[in-house]
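Grab the two chains, each in its own frame, and use the hints to assemble them into the complex.
Protein chains in written order, with our numbering: chain U, 1 to 313; chain B, 1 to 284.
Keep in mind that a hint or two might mislead.
[Unchecked claim] With a straight-line cut-off of 20 Å between C-alpha atoms, the simulated DMTMM-like cross-links for lysine to aspartate or glutamate are:
{"id": "1", "chain 1": "U", "residue 1": "K43", "chain 2": "B", "residue 2": "D134"}
{"id": "2", "chain 1": "B", "residue 1": "K136", "chain 2": "U", "residue 2": "D23"}
{"id": "3", "chain 1": "B", "residue 1": "K195", "chain 2": "B", "residue 2": "D134"}
[To be verified] Chain B regions said to be covered by chain U (calculated; three or more residues, Cβ under 8 Å):
{"id": "4", "stretch": "21 to 32"}
{"id": "5", "stretch": "100 to 114"}
{"id": "6", "stretch": "147 to 161"}
[Said to hold, decoys possible] Cβ-to-Cβ under 10 Å is the rule here; a few derived chain B residues that face chain U:
{"id": "7", "residue": "V58"}
{"id": "8", "residue": "R62"}
{"id": "9", "residue": "I64"}
{"id": "10", "residue": "G118"}
{"id": "11", "residue": "R133"}
{"id": "12", "residue": "K136"}
Bear in mind the hints are in silico, worked out from the structure with no lab data behind them. Ideal placement from N, C-alpha and C gives every residue a C-beta, glycine not left out.
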Amino acid sequence: MNKIANRQVICDTLMHLAKNNQDIIVLASDSRGSAAMGPFAEKYPNQFVEMGIAEQNLVGVAAGLAHSGKKPFITSPACFLSMRSIEQIKVDVAYSGTNVKLVGISGGVSYGALGMSHHSLQDIAVTRAIPGLAVMLPADRHETKKMTEALVHYDGGVYMRIGRNPVEDVYESDDYDFQIGKAVRLHEGTDATIIACGETVKVGLDACAILAQRGIRTRLVNMHTIKPLDTEEIIKAAKETGFIVTLEEHSIYGGLGAAVAETTSQHCPVPLKILGIPDEPPIAGKTAEVFNHYGISAGNVATIIEEGLRKEG
Amino acid sequence: MMDIIDLKKKAAEIRIRLFQMIHNAKAGHTGGSLSNTDILTVLYYHTMRHNPQEPKWVERDRFIASKGHSVESLWCILADLGYFPKSELETFSQFGTRLIGHPNNKVPGIEMNTGALGHGLPISVGMALAGKRDHKDYRVFCLMGDGEQAEGSIWEAAMSASHYKLDNLVGIIDRNSLQISGNTENVMGLDPLDKKWEAFGWHVVSIDGNDIVSLMETFNSIPYTEGKPTLIIANTVKGKGVSFAENAIGWHHRVPSDEELALAIKELTEQIESLVSKEGQPHE
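Isolated chain B (complex conformation) (with noise of 0.2 Å):
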């Protein structure tokens, strides 16, 4: 397993993989990918229990990415941990390819087609309740988006799951507050959020998203309440890691153009290099 250091430079080499394949592809979904990489490199890099050579191991945790447009950081991750060859990322939303801009199962490592919103969650009950009844230990994560909480399907699933007391579940809200028209909560206002998703009989954590200990913990601690699913709003910043991206409206699905792309390797690699300057001292 990953030590903190390692799984931040884990995390900006990611971004810096995705930032290559969108600006290869000319297509992809920027800014979500970016807010929610730390998520991702924590679930695949530490907490989840998968292997990559066994992609349909029956003891597998589950992770579902209902927000499926932000696909770019899980195929640099799946490709990274060897689902699939790394050459494969340069196929993305080209031609024929399966590396398409949402999850594909047809791909090792994807457990379901996603990518109309508010899918996610009526999936993942149903995963979780399997494991229930089948008494099974495996947890399903099932990542969501914010702008996607207005989705009525997720408020039905949300409501299945804690009726059905289902503690192996995880909701993760990348919370970014952005969506394509603007800021969510002029868009359609979610707030107050946790309340909401107590009100529907979740254990609700509210974290700092890009904060690698944070997750980390969050994740461990799960369930916090038995019998409850968990739900975490994961406060992060769309565009996280690349300064001019970060809380921009446009890099919702923008495409870097050759200097936006060397500006961004340069500052990735800059915050990569000075987490290896860290590297043998004590963890902060």
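Next comes chain U alone, as it looks inside the complex (with noise of 0.2 Å):
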């Protein structure tokens, strides 16, 4: 089981390029700890700024960085990041057209059992909508890695969520080819797909596995990126493969479900269940629990896809 939190993959990245890159600065509220930023910011005061708790001044100000030729990079719990500062993000990132890496940290139910006002689940339908602000989930550790440092290289408003706590590998190491807005497809499959993001691509993975035994073979899509959104590969899916199951740590309104299911009904109309969090507080728990809960598990995914299949005929 991997150790290592997306968090801390962050900050050693950034650590690496920020050596030979004075541009990049972090900025955090109050939030270095949770990031797991103190080592950058002890190594490298100069490219660190403490905002306090102050999130939509922390958006502002990076903003005003950005226009003055910065790399910023905010570290913030997605819960305020993308919900105190939305206005910032809209006007002063998107709509001024300022280059700020907006990193949610703890995003999801990461925060288990402290409630919904510490919950992320609608940070992507909001920052979705924005026009100009790409929105991006990595699977695991060696796709946060790749992430982060596409970032650095992208000139423009980014909404970056990640989680708490260690995930477990998806991908083997970081040796192979990400691009922003590309999807990746993990495993091959003809008689259904699911599209996953973040936290939820190992899910996929896993009812891939139980499927297989079972004679169902299932594509699983990674869609780190859900703005600019890979529709070319929602709608192979749907053309290949028929059924869809989508998979995401996101209220079941306006999220990754929300986007392929734009994309089909419009380009190629199959059959589609979205799977998330339900319209409702969620319930106290740390994240295995709460997807359980919800049926975010490998076990109900095969049963959807079984059922699924049957019903197709």
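Following this line, the structure appears as structure tokens:
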């Protein structure tokens, strides 16, 4: 089991890159500890800015820094960053076109029993509706590294969301081709497709293994970039497999499932099941417990696909 | 650099132009643009280091219009200075224009898109902080409204500016004491505004914000205290320069009639003529 959290990977990656790129600046909202950014702050004090617990100012200041040629990376809890400062994200980052990277840490239900105030289950919905803002969720530590490196070279506003705890690997290493906006097919199949993002990709991978034992060949698409969306890969999945299940650590409204539905319904309508957190304050618990409670589990996904294919006959 | 009488004439000319522009577009924030005209005139024609031929010059002083709705005076000044053709002012608020009712950074001379109140100061803090970290000597001027002072994000930014000792940052409050629903003190009391900013660690100066000489002298004295950001409470008259619009709440975004336009032009032209007659005489 991997012990390295994605936030740790972001810190390591940025520390490595900041050595030769003094424009990289990390901002925190009294969140350097929870973002695992302490080592960065210590090693590069001139490239670190503490903003205190003030998320609106945090994003505005980052936009001002970016306007002056800096490459700011904000690391702040996803629940506050994506909600408290959403107008600054819309106006100062997206509308003004500033090169700000918004890293939402402890995203989704990472904070477990801390309640809905600390969950971020609407962040994909709200950020992906903003023109000019890219939205990304890495699946594991390897993808987190690739994504962070790519963001340093990407000119424009990005919202990237990660979870708090280490997640199991879905990639064997970081030796693969990562492209922003280009989905990765992690399992081949023609009977059905699972499209997942973030930590639910691992659930999808496990579901593929269960289904394979039952003779069902399932395709798994890791949609690490929700915007710009790889619609081509979605349409291919619809045409070639005819049945799609989406998985996400997000409200069933407005997230990855909705984005897939917007695409398939207009280009190639096929049966689609959206699995995520229902429209209610989520139950308290650890991520795996919450996922299981709401059916975001390999076993349940396998059952849904099996039954869906039986119905289609 | 312009002398005092030239600056006064320029301010009156800008007021005529913005009145014509709002009349033509049948839209605009008349009162606030008239109240901030003197501040912008002194900044752009006297104080700030900038080059209309090179809008993105890295050494330029930055201006952020946090009260973005009072953009008409700014459009007129940028056009007059040659940031874009004067003829483009005719397109203000028309279909497909880039001269919209708020600052738009698709237009040369505009740094950031502002208009949502409470955004300008945080952005300005970021620019000033970048200047400090890069050892640049440019300054950042942020013009805020007084009604805007109710936005919490301003106070988040105020706290951070003094924390980071940004003496290259200048906040200016267009203190005309009127906002859309009435007197600022009735809508949401602000006073004592100076004490509040002082408590947040700023050097506060209170001046007549429609007096060209006061504005010049104040801007020349920045920073007043090393290591402290400067906050100028520019006490202004909303609708300044056009007698029937002065201190009249209805002129927040009223569009002048043909008759009102003619009256305003007459009044402002007389102001220019009286200044011309003073030329050559010793400065007051």
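Structure-based check of all given hints:
For the proposed pair U:K43 and B:D134, the alpha carbon gap of about 18 Å is at most 20 Å, so the pair holds. Between B:K136 and U:D23 the CA atoms are separated by roughly 15 Å; this keeps the pair inside 20 Å, and the hint holds. Of the supplied pair hints, the one linking B:K195 and B:D134 is violated, its CA atoms being roughly 32 Å apart against a limit of 20 Å. For the stretch 21 to 32 of chain B, the proposed coverage by chain U is not satisfied: 0 residues have a C-beta within less than 8 Å of a C-beta in that chain, short of the threshold of three.
Only residues whose C-beta sits within less than 8 Å of a C-beta in chain U count toward coverage, and the stretch 100 to 114 of chain B has 5 of them, enough to reach three; the restraint holds. Here the stretch 147 to 161 of chain B counts 6 residues with a CB under 8 Å from a CB of chain U, which clears the bar of 3, and the coverage holds. A cut of 10 Å between beta carbons decides the hint on B:V58: the least distance to chain U is about 8 Å, and the hint holds. The criterion of a C-beta within 10 Å of any C-beta in chain U is met by B:R62, whose closest approach is roughly 8 Å, and the hint holds.
The beta carbon of B:I64 is positioned within 10 Å of a beta carbon in chain U (closest approach about 8 Å), and the interface hint is therefore held. A least Cβ separation of about 7 Å between B:G118 and chain U falls short of the 10 Å threshold, and the interface hint therefore holds. Hint status for B:R133 relative to chain U: holds, with the closest Cβ pair at about 6 Å, below 10 Å. The criterion of a C-beta within 10 Å of any C-beta in chain U is met by B:K136, whose closest approach is roughly 8 Å, and the hint holds.
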